[in-house]
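Chemist: Those protein sequences? They're chains Y and V, same order as listed.
Going by this note's numbering, 42 is the number at position 42 of the first sequence; the sequence numbering is gapless.
Going by this note's numbering, 1136 is the number at position 136 of the second sequence; the sequence numbering is gapless.
For the record, the hints were derived by calculation from the structure and aren't laboratory data.
Do not take every clue at face value.
[What the hints assert, rightly or not] Example chain V residues on the side facing chain Y (calculated, C-beta under 10 Å, incomplete):
1. N1052
2. T1055
3. P1081
4. N1188
5. Y1291
6. L1325
Only a predicted model underlies this, so the values are computations on that prediction, with no experimental measurement involved.
Built from N, CA and C at the ideal position, the CB exists for glycine as well.
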Amino acid sequence: MSFSSLSRRGFLKGTAAIAGAATIPQLGYAASHAPLSVGFIYVGPKDDFGYNQAHAEGAAAVKAMEGVVVVEEENVAETIDVQKSMESMINFDEARLLFPTSFGYFDPHVLKVAPKHPDVRFQHAAGLWTDGMPTNAGSYFGYIGMGQYLNGIAAGHATKTKKIGFVAAKPIPQVLLNINSFLLGARQVDPEITCQVIFTGEWSLAVKEAEATNALADAGCDVITCHVDGPKVVMETAAGRDCFVCGYHANQSPLAPEKYLTGAEWNWAGVYSGMVQTVLDGGSIDNFVRGGLADGFIKMSPLGPAVSDAARAQFEATKAEIMAGGFAAIKGPLKDNAGNVIAADGEGFAEDDIALESMDYLVEGVIGSTS
Amino acid sequence: MSLSFTSESTASAGPSFGLAGLARRAEAVVLPLGALMAGFAVFSLFLLLQGNSPTDFFALVYRAGFGTAFSWENTLSRAAPLLLAALCVALPARLGLVVIGGEGAIVLGGVAAGFAGAMLFGTPAIIALPVMLLCAMLAGGLWIGAVGALRHYRGVNETIASLLMAYIAIALMNHLVEGPLRDPASLNKPSTAPLEDALRVGNIPGWDVHWGLAFGIIACVLAWVLIDKTTWGFAARIAGGNVRAAQVQGLPVGRLILGFTALGGAFGGMAGFFEVTAVHGSANASLAGGYGYTGILIAFLARHNPLAIVPVAILLAGFEASSGLVQRRMDLPDATVLVLQGFVFMAILMSETLYGRFKVFAPERWRST
């Protein structure tokens, strides 16, 4: 055999092998790393300074990731609209991971669409998934009541009138937990503080939110927070009435920089990036995920200029206790505002206690009624 | 004062044949289509001013609304409640009444259907569903019928009354689903008790579109027969054209007002029935989806002709079906499609002044040059 032929064959074989070795994994890489299309659907505008903005901030974090394409739709109603928006993202944008973010999107809409698209993952923000539901759907939620408890501590130090106010959408368990936590936080500072609550009846109803805020200010409340979809109106109105404000859902400090004490925020950026990374890595997301401050599901807005040193110290100390785990904001001895015993001395409900999810009372010190 | 939005058919005397007849009928098609095109043209200018391409926009609307099998299912699913909501406007309109509160009939119809369904737990669907439908239509019919009664007996403006009553209906629905009719298990989204599976209305076989579409189309055809082929419809059109003349002729204007408003409301209630049985599975705040308001636009675009409602509702449903893709691809706000609807609505209203002005549509004037 001649050196040249050996050399040539060897060369060809060698290059083929190298080319093959180089291409095959590359094909594999390309196949498994075609951009993952992720869809986000919001019930309101994504710049609402509230619920939807918090999710949109999460989407923005996902957008910044490698190998991901994000599609978004805002103002999608909890009707057949959302079913078709999800399917439109699947059909036209090849979405394989969907975040329909509004509470009312889950039942019946996600439950109806998920079985039709077994190769698509549906991640819904609320703790609604239970065994027996489609396994390609999942729930995630955060213990944001703890954030309202910390808001309450900041509010307890800031109030002069010992009256704080809460503008609430509907008397449902999540909202009641926030109201109760806000007052109980404040009562850690001064047990004489009361919290007046006004329900607007709707998740997003700017006029009533403004009226409620003014009514609270008229009644002498000097620190106000809220649980509505978009806290913008409450924050601006309250600050205009010279009240301090505590935020909710997202960071509203730009709306009232001097009056903003702190705020209970969702940290969806961290949660969503984590979930998307799991999918990119070929892993699977648990169907039921929850977390609090310690897990990075929620966070607090930076303390504002009006927060005193004493307030800051107690705020940070309590925050550290919550981060350590097992902290109970709702603990005995505790009565509701109709005089019924909620928890005996020594009894308490930690943030992950399932009993909190069917809360139907306002604790002693909250002025208002659930019906 | 009676606002008249009746179509040309009132004026067309007897059957018309040949070219002359065609010309007369063409006016009712050419003018709305022309207005639609004018609306599109103004909207295109608006897009250009915003630095967006109208071609891209309409291509996306076509693709997402009508371009694929999924697009059609999307469009037709959205059209189902719109057909019925439009009838709630179109029927009273033939009497010259501008009823814009169909939303109230829809939400109360939905609540009635949801409540009846919860009460009829365990009853065979063949009995339960018709009863639920009846309850829904009764609720809607009574609600809009009350608007008609206020108009007839007390002279209350039906436009304002129906709009305000829609707000009352929504408040009433919220009260009922959060209070007396609430399923205690519906913690964070107050609703009536979920319907059992047997009472859920499914899809038209082979399509991902629920039966509401078929019922909506049938309702439109029936309404057309009522208006164009019966003496009641004829009487209603006379009353819509000139109330005094109708009264002088001894037509029962009062009963016509009550009947047509109640029937319109009943169709609205039917839309609520399908929202609950085919979409939501229970009655809750999501029932106030705004279909009643889109129905106003559709009825006016269709010039209150029930048959024309079908294509117009499908067209507008197609716009709404495309709203998402337009938002995602062109980064335009979701209100873009509403702006388009607004331009089209303005164009259609302005085109109302053009009827009878073009000689080409009036054969009797062809020779009089």
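Chemist: All the hints need checking, so say for each whether the structure fits it.
Modeler: Against the structure, the hints:
For N1052 (chain V), the interface hint is violated, since its Cβ never comes within 10 Å of a Cβ in chain Y; the closest pair sits about 18 Å apart. Checking T1055 (chain V) against chain Y: minimum C-beta separation of about 18 Å lies over 10 Å; hint violated. Interface restraint check: P1081 (chain V) against chain Y, minimum CB-CB distance 8 Å, threshold 10 Å, status holds. About 5 Å separates the beta-carbon of N1188 (chain V) from the nearest beta-carbon of chain Y, less than 10 Å, and the hint is met.
Given the 10 Å rule on beta carbons, the hint for Y1291 (chain V) holds: about 9 Å separates it from the nearest Cβ of chain Y. With a cut of 10 Å, the hint placing L1325 (chain V) at the interface with chain Y holds, because the nearest CB-to-CB distance is about 6 Å.
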